[in-house]
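Student: Chain by chain, the residues:
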Amino acid sequence: MVGKNKLRRELPLHILIIPGVILVFIFHYIPMFGIMMAFQKFVPAKGFWNSDWVGLDNFRYIFNMPNIWNVMWNTVYIAVMKIAANLVVPIVFALLLNEVRKNSFKRTIQTIIYFPHFLSWVILGGVLIDVLSPTSGIINQFLGIFGIDPIYFLGNAKWFPYTLVITNTWKEFGYNTIVYLAALTAIDPTLYEAAVVDGAGRWKQTWHITLPGILPIVTLMTVLSLGNVLNAGFDQVFNLYSPSVYSTGDVIDTMVYRIGMVEAQFSVSAAIGLFKSVISFVLVVISNKLANKYAGYRVF
Amino acid sequence: MLNRTKSEKVFAIFNYLILSFAAFACLLPLLNVLAISFSSSAAAAAGYVKLWPVDFTLASYKYALGKSEFIRSFWVSVRRVMMGYAVNMIMTISVAYPLSKEKDTFRARNVYAWFFIITMMFSGGLIPTFMTVKSLGLLDSLWALVLPGAVPIFNVILLMNFFRGIPKEIEEAAYIDGATHWTTLFRIYLPLSLPSLATISLFVLVGHWNGWFDGMIYMNRPRNWPLQTYLRTILISPDVTNYQTSSEELAGMRQVSERTFKAAQVFLAAAPILAVYPFLQKYFMKGLVVGSVKG
Amino acid sequence: MKNAIKRFSTLALVIMIVLSLTACGQNGKTPTVEPTTAPTAGADSDDLLAKYDPAIDMTAWRFLNNGIQFAEGDDIENNVWIDYYREVFGINLTYDWVVPEEQYEQKMNIAVASGDLPDLMWLNNKNLIDLAENDLLYDLTELYETRTSDFTKSILEQDITSFNTAKIGGKLMAIPHTGSAIDSLQILYIRTDWLENLNLEMPTTMQELLAVAEAFTNDDPDQNGQDDTYGLGLTKNFIKDNHFGATGFFAGYHGYVRRWIDDGNGGVVYGSIQPEIKEGLLELQRMYAEGQIDPEFGVKDRNKVQEAIASGKLGIMYGGMSTPGAILKFNVVNDPNAKWEAIELVSIDNETAMPITKMPVTRYYGVNKNFKHPEAIMKLVEAGSAGYARDNKDTADEWQDKLSHVDGIAVWQYQVIGYEPAKKNLIAHHNVVEALETGDTSNLNLEEQGYYDRIKLYEAGDREHYGDAHIFGTPSSFDIIDRYVQSEDYLYDKFYGSPTATMVERNATLQAMEEEVFTNIIMGAPIDTFDKFVEDWKNLGGDDITKELNEWYKSSK
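Chains as they are written, first to last, in numbering that gives the first Met the number 0: chain A, 0 to 299; chain B, 0 to 294; chain C, 0 to 556.
It is worth saying that the hints were derived from the structure and are not from the lab. Misleading hints may appear alongside valid ones.
Quick list of in silico lysine-lysine cross-link-like pairs, PhoX-like style, CA-CA up to 25 angstroms [to be verified]:
| # | chain 1 | residue 1 | chain 2 | residue 2 |
| --- | --- | --- | --- | --- |
| 1 | B | Lys-133 | A | Lys-40 |
| 2 | A | Lys-101 | B | Lys-167 |
| 3 | C | Lys-531 | C | Lys-553 |
| 4 | C | Lys-125 | C | Lys-455 |
| 5 | A | Lys-203 | B | Lys-100 |
| 6 | C | Lys-166 | A | Lys-157 |
| 7 | B | Lys-5 | B | Lys-100 |
| 8 | C | Lys-531 | C | Lys-357 |
| 9 | C | Lys-537 | B | Lys-49 |
| 10 | B | Lys-102 | A | Lys-292 |
Since the model is a prediction, treat every value here as computed from it, not as a measurement.
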């Protein structure tokens, strides 16, 4: 009896979700036959069914590249820093905005910091060379006030990864703040009222109400962004890097791009893609488990 | 307001300063690009343009806007955004709602959840996706720009998590009153989720409006190109095609004075999004300070 | 909404079909269904240009050239060339797809992979070879022999080596889009008003050039009282860039960076690892250390270095024939006093410095093996050469005026099969210069007339047309190209064709290494790193590539 009732209660849920399942099946699962490209020597003129099978050759090729481990390290190093910065900075700014009482000020600031998201890296490449120039750049002139020697942000291999992280954070933090702002609105206002009655100050309110209130979304964004641990951001790196910073700035995606410039190599890209997929899948699954265990929050 | 402590006042001042500084840092490069878009190509090429146009001209805008292709592809984009928005929102909600249920109310939930999550990480790649779209006969149809991304998984997971934050007591009370899933979704979940729906709306709108790659791949005829795809064909100064040659050497010339055009493109392309922004912002900024102004 | 529901039900149906297709493991290539057409007039006619009656259909794909423009109401499927093909040849040309130029390779690869090919396709070298090897292309050898006019042949075969790249196993599998190799020879540009300011002579040797670079850096050539000028302009991609590249500089030391050159024993060697390059790098290193090269060149692309030219901070650059229009123009527009002159490359010793060029074919016109009217292609090939004929001004029909430029729009870009005589631009230069001297424009074709008209505008004071005057007029970049051609003092990259197996595998790594090492040396790394680079290059696959290329070289002779 209970079972039947339950089924009846569940049926609408199935009906709701089925159209989405079908669409995802068609446009995501059916094309997955393309993954076999990673195990072929794919030639467009031969197509999927006539290209030669090469087993794991494409993976061997990638991991036998002379500088692969250096590139891999660069990728992870840059990506991890970006992940961290893209989590922390937007949260901090959402909290700071949250403290502003003047609504018009808050809105203006929020709108402005959201702008840079719309500038492409091609455009920013030109702007950043000027801004970050060691001789005439505004940033170095500013640092000069404090007696700091000019820094060659884009041309010095030591600095380049940090330049990537900082500029990327600058471009995206406003956009990423929006999610947390939405999460802040969901916090029950009566909690603050109760806290004020108890005599809690702003700092205590933030610590005990605001932060726990947005923790689920923070956890979610953390788990999801861990899937990007091998994505250092092709567009940005490609538009900002140069031969003098290859040693620290060359990442998997730019390397694959250059391989493709000699001759389009679908199978190598597919193999890299599959490798990245597996890694990010594993990381997302593990972090989901860990989040459940330690933060008590299941993301999926 | 009266019971602000001294440290809170100091913090407030610093807060205003930090935020103003951040906004300033975001605004400057933007003003620079804006100034370039209104400058002559020679001035822009020399790097003379800082925050104010040099040799003010509307040439870049006139060139882009003066073509019927611009209007045509603009409408393709508008239609794409409207269709894509409708489909994406319906799909996001209809998938996120069942997934937001716990396993004891919806037993198949985890199977469905992983079914979707896997597609965030694994993809068959461009060629097989193209072949699928083609075999469905969707090439040169707006559906080709809408259906392959009909279920934006990231947004689904985001909304699902927001749905979960809605207090269970409200739903249980409604259930006892005999509410169906349908009424729960429409009377409780959606009205309580306006901020997150506005956020997702923004992501969806920006995604569809800025999308150019799928337009290039799935639209075989230029008349079906959305704006962003079309803009990629005209970012060039009009005078260079006077040279009648297609040799590689002269082809290099064609990239020359694109800087002012590229700058103008940023604003032409972003303007509609910036125009709807305040309407969405209203929702995810609402009620932020409810707790603090009292007391 | 009704439509949407219909779409969805169709979708559901089609899923089944797709599923069964995938499950069966068919190859996804739907056999091209050809309309059964009755034998048509024109197909067997001896007249090359005979019209099909009734008209035949032809499908094709192509990219849209950068900056292509259309008159109001026209587009790529509806324009004067489409009309021309239909009215004159009875060919209804439609496009399966078109894409912006940058995305062409990708879309072509997708289209080739997904399996249905149009009747006529634009191809790159790689896909040409693959499609030919998989027997998907029509062998044009015989058609070309029998159905091409001598005039057209003379244009296509002006550069026979590049024409032959369309032959696979001795068979002509496509019509190559031939272009000009001499157009990409390196040229040296010097700012002459600066020379005058400093009372310097135009350099004729590398030693003199280096002295000028030093003076341009230190002696305030623009006389503004500030130390704000550089000698030589380089981009971060100086190894491969044309404008602001170093190829011309290294050629002054008889080194050829990233080119394959004669080893003197009938074989080929890689230019970048030769001792001459080391010498050139050492000199660049010194110039960099002395502030003659922008300390930030290592991060600047062409657009950024161009700023230095346009704002009058730079007085020497290596470029190509289009540099006056692409780069120098902005300087001249901004500064009425600025004057530039193009000169031949200068040499460090008594041996002439030779610029180096490479095979100019960039695309091929291939024909589907299943196309019922392959001979129709030859009519389009003929149509492609018509504009170059000079003697037909009187015989030209109503179409000729409409196929090149109409109201300032370059409609010639709409043609589906086009190619260029190797010396087209050089000849245009000769004709324009002659017409400027005599005032007689009767010998100019439409394209040349355009250059002529704009040069007249320039002479009347419109500096926007500086490029036309200093590319096609005189003194100009083509004066220099002309001298190279007259004296035959230029080289070809010995390697053309598609990359060898080891190149495919290793070149990306090797080239990145080369760029990194060379940049670092210029910026002050010890010159010994060059020797280490040569070792590494050889060990990491360079030796294998050299071996493969020598085999190829011997077989291609």
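Student: Which of the stated hints cannot be reconciled with the structure, identified by number in ascending sequence?
Tutor: 2, 3, 4, 5, 6, 7, 8, 9
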